[in-house]
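Peer 1: Working from the sequences, and respecting the hints, build out all of it.
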Amino acid sequence: MFDKNIRLRIAIAAVVILVALFFMMPTLTDRLPAFWKNHLPSDTINLGLDLQGGMHLILEVQADRAVESSLERLGNNLKEALMEDRVRFREVAVEDKSSLAMEFPDSESADRFRDLLKNRYPTLKITSSRITEGVEQVTLRVDADQVETIRKFALEQSLETIRNRVDQFGVTEPHIIPQEHNRILIQLPGIDDPQRAINLIGKTALLEFKLVDDEHSVDDALRGDVPRGREILYGGRVDRLTGERNQVPYLLHARALMTGESLEDARVSIDNRFGEPYVSIKFDPQGARDFERITSQNVGKRLAIVLDGVVHSAPVIQERIGGGQAQITGTFSTDEARDLAIVLRAGALPAPVTILEQRRVGPSLGQDSIDRGVMSIIVGTLLVLSFIVVYYNYSGIIAVIALLLNFILIFGALAAFRATLTLPGIAGIVLIIGMAVDANVLIFERIREELRLDKSPRAAVKAGYNKALSTIVDANVTTLIAALVLFQFGTGPVRGFAVTLSLGIICSMFTAIFVTRIIFDYFIWYKQVKRVSI
Amino acid sequence: MEFIKPDTRFDFLRFARTAAIISIVVIAVGVVSLLFHGGPKLGIDFAGGTLIQVKFDKETTAGEIRKALNQIDMGGSIIQRFGAAQDNEYLIRTELSEAELENLSGLVEKALAEHYDHDHFEIRRVEMVGAAVGKDLRQKGILSILYAMIGILVYVTWRFELRYALGAIIALIHDIVITVGIFSLLDKEFTLPVIAALLAIIGYSLNDTIVVFDRIRENVRASGRKPLRDIMNASINQILSRTLLTSLTTLLVVGALFFLGGAVIHDFAFALMVGVIVGTYSSIFIATPTVLAWERIWPAAARGKKRIS
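Line by line, the protein sequences give chains H and X.
So the first sequence is numbered by this note's numbering: it starts at 1 and just counts up by one.
So the second sequence is numbered by this note's numbering: it starts at 535 and just counts up by one.
Derived by calculation from the structure, the hints in this document are not laboratory data.
Just so we're clear, the structure is a prediction, and the values are computed from it rather than from any experiment.
Ideal placement from N, C-alpha and C gives every residue a C-beta, glycine not left out.
There may be inaccurate statements among the hints.
When the alpha-carbon atoms are kept at most 27 Å apart in a straight line, the in silico DSS-like pairs for lysine-lysine are as follows [what the hints assert, rightly or not]:
{"hint": "1", "chain 1": "H", "residue 1": "K462", "chain 2": "X", "residue 2": "K539"}
{"hint": "2", "chain 1": "X", "residue 1": "K539", "chain 2": "H", "residue 2": "K467"}
{"hint": "3", "chain 1": "X", "residue 1": "K669", "chain 2": "X", "residue 2": "K575"}
{"hint": "4", "chain 1": "X", "residue 1": "K674", "chain 2": "H", "residue 2": "K152"}
Some but not every residue of chain X turned toward chain H, in silico, with C-beta under 8 Å [what the hints assert, rightly or not]:
{"hint": "5", "residue": "M535"}
{"hint": "6", "residue": "P540"}
{"hint": "7", "residue": "A554"}
{"hint": "8", "residue": "I555"}
{"hint": "9", "residue": "E661"}
{"hint": "10", "residue": "I686"}
{"hint": "11", "residue": "L733"}
{"hint": "12", "residue": "I744"}
{"hint": "13", "residue": "D748"}
{"hint": "14", "residue": "S775"}
Peer 2: Structural data, given as structure tokens:
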């Protein structure tokens, strides 16, 4: 009976170890034959950002700003519609950017306004209205359902846009994951210019075309007398001869004639005269028609190209421009121009983002950590192994075999589950070496106790394993509970610790209980040893 | 080879009172230190702020670095040596993490480049955590320790009895409080990895406690008529050899991590080292006496049940 049993157990152990070796192979060598790469597991163990170097970002999408700008757009359209219908109204300034206030001098205007609102702007809701001396003042807000929709859309759109940008920037294996509270987690392995990546990801990239108001004086506006429907924006200018940078104010029509939404493509080109890079943009068919109409209506005026509130250039429209092509010039480096083209192609973020968390590790520190981690694993293992062999003699060697198999299982499992190995993860492996031995210590001490009772080796080993089993399971399950909680709580490196700790506990139970028992039984049943060397 | 001869008969529980006094004193010192420092010292993971690790290829001083960074307004900043002296590594930290300072590391790099020249230093690590994220992590960290304790309480109650579970939990709280106190005394910071280490300590210390309890349970079943105190003493003696061996092997590997693992996980390894020592002590001198004390207050019912089973 026992004979079949031991064969079966050997078979199980062999299969488990072979499977683990299988998954571990691609990590050990990259010179695997072609059929292996095609048909067998070829994932290597992922190294965390703290080991391979890279950047970890958590961004927050300012979804409320998307709601505000939606309100602003709706408000502008509403006001234009009111003016077209010749409804008398006055705008009232409010502190709160999420609401809009208007005054109507008589009830007739107010009624016509209500009709218009009901028919054409169902997403705007009146939150309060007050009539004092015949003048009615109303406050408007975006309807709550619509606010939810806008916020959700802003997050989805941001995620999509950032994915596009990162893809075009050319990062291998980026992770971009939405999280709760409008947050987005971004992991970029092996970034060599972090600041550039941040600029690329975080830029809103709202491209607008606005007419320059040359009828009013910029100086008056700067003194505070900004005409209705106008705004002051600045642009940088570099003197070619002196290299001096200046801020130039522009008085613009606040309403954008076109935005980057109508873009089809954006490319970097090099200017012939000065050899400076610029970005040439191409509109989609509708955008091309709009652009042609706008330029034909405004010949002789200046059209400002505004990116995220900064005027890049404001060329005079010489003639009607067909064909849907335009250029954004400015003082760019080649990288800046390339990144600008990327963000224009990928589209604008629907709302600004802020960086909540940034962690980055340079490649040299990562390599350092790997070296030191591996060193501590080797030294720790050697210390424990030699101690165990000295203390338990031949039985100690069995424990050593179990421990080495344990490594294979842990690394195989890491590769199979596509888990990420981090620096605390390496620490987890080191810790597991200590704890894995514990299971064997428990068993061996128990066997010694049984031998002291003058039991035969066969009976002592059997009793030792049976009695130690429940202790080992209880002790390991409770540690596993702590490790699983840690997995839930942690991100990045800390989660890596939870992963190796959990895997290590499970693997070590297998090797320390199941595998060592096979070896003991083999010697006792087949080799008929009379004395246990323990 | 044997360290501990079989059939030792130390009366461990005689020292329970002394151990309790020692523990209370150590805890009190830790708590006083915490009060004195105004709570645990939080790293930027939990407090928010920015940390920049710079490696220089020549010797320099914190004062020299501060001079180089003079032109940047970094608010309150701390510049300190990191790791071994010959590594020439420094940490620059500030509590600033505001959005307008997203480029803080860029500014620091530029200022250092002006002072030290480009090839003579390397920015190896930047960590910036906003105040809001720090608060989230703080809450999650405390909750995770609580959840771990609740999970363990449930499991141990299921496998043993409530009084054993309470003994185990009291020992765990004891270990955590002492480790936190020692961190405060040594003015070490709490970071995410240190919280991970605390959870690992919970796991380890419990492991040890369970082994002791398991043997007590076994002996109670075998010879339930003896006084519980004697059974406990005998049990601790029977597994003394294992307790010491496991603590020793774990200390060996954690020691390897502490001395060789590098500065980044130094505090993490330190927390583990403290945890292993305190955890071993507490399973013998805190967890077991707690169960015994409980037994003395509510003896009959629980013991009667045990005898029948």
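Peer 1: Please go over all the hints and tell whether each is borne out by the structure.
Peer 2: The hints, checked one at a time:
Between the alpha carbons of H:K462 and X:K539 the distance comes to roughly 23 Å, so the proposed pair stays at or under 27 Å and holds. Our distance criterion of 27 Å between C-alpha atoms is met by X:K539 and H:K467, whose separation comes to about 21 Å. Of the supplied pair hints, the one linking X:K669 and X:K575 holds, its CA atoms being roughly 14 Å apart against a limit of 27 Å. Distance restraint check for X:K674 and H:K152: the Cα-Cα separation of roughly 25 Å lies within the 27 Å cut-off, and the hinted pair is therefore satisfied.
Hint status for X:M535 relative to chain H: holds, with the closest Cβ pair at about 5 Å, below 8 Å. For the restraint placing X:P540 at the interface with chain H, the shortest Cβ-Cβ distance is roughly 6 Å, inside the 8 Å limit, so the hint holds. Against a cut-off of 8 Å between C-beta atoms, the interface hint on X:A554 is violated, since the closest Cβ of chain H lies about 24 Å away. For X:I555, the interface hint is violated, the least distance from its beta-carbon to any beta-carbon of chain H being 28 Å, above 8 Å.
Nearest Cβ of chain H to the Cβ of X:E661: about 5 Å, under the 8 Å cut. The hint holds. For X:I686, the suggested interface contact is upheld, since its CB lies about 5 Å from the closest CB of chain H, less than 8 Å. This hint holds: X:L733 has a C-beta 5 Å from the nearest C-beta of chain H, less than the 8 Å allowed. Checking X:I744 against chain H: minimum C-beta separation of about 4 Å stays under 8 Å; hint holds.
Contact between X:D748 and chain H, as hinted, is supported at the beta carbon level, the nearest pair being about 4 Å apart and thus within 8 Å. Look at X:S775: its Cβ gets to within about 6 Å of chain H, closer than 8 Å, so that hint holds up.
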